[in-house]
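A.B. asks: Sequence:
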Amino acid sequence: MLLSELQTKDIIEVENGEKVGFISDLELDVSVGVILSLIVTVKGKWFGVFGEHEEIAIAWSQIEKVGTDVILVRMMKHSK
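Taken in order, the sequence shown gives residues 1 to 80; the numbers are from UniProt numbering.
Any given hint could be a false lead.
Stated by the list, open to error - Mimicking DSSO-like on lysine-lysine, the simulated pairs with C-alpha atoms at most 30 Å apart in a straight line are:
| hint | residue 1 | residue 2 |
| --- | --- | --- |
| 1 | Lys19 | Lys9 |
| 2 | Lys19 | Lys65 |
| 3 | Lys65 | Lys9 |
Hints listed in this document are in silico derivations from the structure and should not be mistaken for laboratory results. All of these numbers come straight from a predicted model, not from anything done at the bench.
Throw the hints in and build the complete structure from the sequences for me.
C.D. replies: Here it is as structure tokens:
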């Protein structure tokens with residue numbers, strides 16, 4: 001599968017069915033040839049005002065399923 005094919009898929013959170021964002025890049029371990037994480041662009045805190053976006057890394061271990069049209073992920077909860 002090519003990066004361009006991954007970039008066309010919606011990233012969906014399994015817990016709530018919400019769209020997380022879209023793939024902008026990959027983090028690779030070139031020494032063993034594996035994907036470590038997906039770099040996903042999400043809307044900023046101000047709902048995309050001024051075109052601001054944030055990037056988050058979703059570890060490959062958080063991916064539940066790569067389907068035809070979507071990638072299902074299980075985001076880790078952050079304690080505050």
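A.B. asks: Hint by hint, where does the structure go against what was stated? Just the numbers, ascending.
C.D. replies: Violated: none.
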